[in-house]
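In case you want the letters, here they are:
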Amino acid sequence: ETGVTQTPRHLVMGMTNKKSLKCEQHLGHNAMYWYKQSAKKPLELMFVYNFKEQTENNSVPSRFSPECPNSSHLFLHLHTLQPEDSALYLCASSQTGGWNTGELFFGEGSRLTVL
Amino acid sequence: KQEVTQIPAALSVPEGENLVLNCSFTDSAIYNLQWFRQDPGKGLTSLLLIQSSQREQTSGRLNASLDKSSGRSTLYIAASQPGDSATYLCAVNEGYGGSQGNLIFGKGTKLSVKP
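So the protein lines, in turn, are chains A and B. Mapping to the working numbering: the first sequence position 46 is 46, numbers consecutive. Count along the second sequence starting at 1, add 115, and that's the number in the working numbering.
Derived from the structure by calculation, the hints contain no laboratory data. Quick reminder that beta carbons are idealized off the backbone N, C-alpha and C, glycines included. Where hints are given, some of them may not hold.
Stated by the list, open to error - Using 25 Å as the maximum straight-line C-alpha spacing, the simulated BS3-like pairs for lysine-lysine come out as follows:
#1 K18/A with K52/A
#2 K36/A with K19/A
#3 K40/A with K225/B
#4 K157/B with K183/B
#5 K41/A with K222/B
#6 K116/B with K222/B
#7 K22/A with K41/A
#8 K36/A with K222/B
#9 K22/A with K52/A
#10 K222/B with K157/B
#11 K36/A with K225/B
#12 K40/A with K222/B
#13 K41/A with K157/B
#14 K157/B with K22/A
#15 K229/B with K22/A
#16 K116/B with K19/A
#17 K183/B with K116/B
#18 K157/B with K229/B
#19 K116/B with K40/A
#20 K19/A with K52/A
#21 K183/B with K22/A
#22 K52/A with K40/A
#23 K183/B with K229/B
#24 K22/A with K36/A
#25 K40/A with K157/B
#26 K229/B with K36/A
#27 K52/A with K36/A
#28 K36/A with K116/B
Claimed, not checked - Sample of chain A residues lacking proximity to chain B, with all beta carbon distances greater than 12 Å (derived):
#29 G3
#30 T16
#31 P61
#32 E67
#33 E84
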């Protein structure tokens, strides 16, 4: 496996369900990110982890809970979501975190639909 | 607040044409600018990264330029092919005052290259 891998690729859940998105990077990078892409809106940063430590939470509602057990894995735990949370959730990684991250590499995304 | 604008929103050209995609940003205090390609329903593929100290970067038929002082970047695609059809996204890495590692994205230019 190479690059950034996200699972599942598609997820449909009810508003009361609990589910998780998984991201794994095989690039030896130290920083990982969650971005959200909604229809007709630019991509928005959600969370940043640098060496497993969360460095940014971009005012994301608590129904989204990230977890980064090591520099290669990143999870996004979902609970009590709203229909407007339906979007493409993209994971990315970069060699370094901090202010000047260099090039970001993205996964294929997880398409989430909340009913 | 940094804003990124991409013009045009959509572009249709015949195969073989050379074309230019435009990106503008409101705050010139950036670390770098990155161009991505996104195919329908897929993740982002990094095309070119230009550091703030650089003027341009080239990869194959792609050439990206950066004029930081005027807040502009262009992506030049030579001899376009149907396989170039995708949405092209421009993103700037915010400087101090923003979130660490936060890329601010434009809404993209949807390119269609007709055979």
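Sort out which numbered hints this structure fails and list those numbers smallest first.
Result: hints 4, 15, 16, 21, 22, 23, 26 and 29 break, sorted rising.
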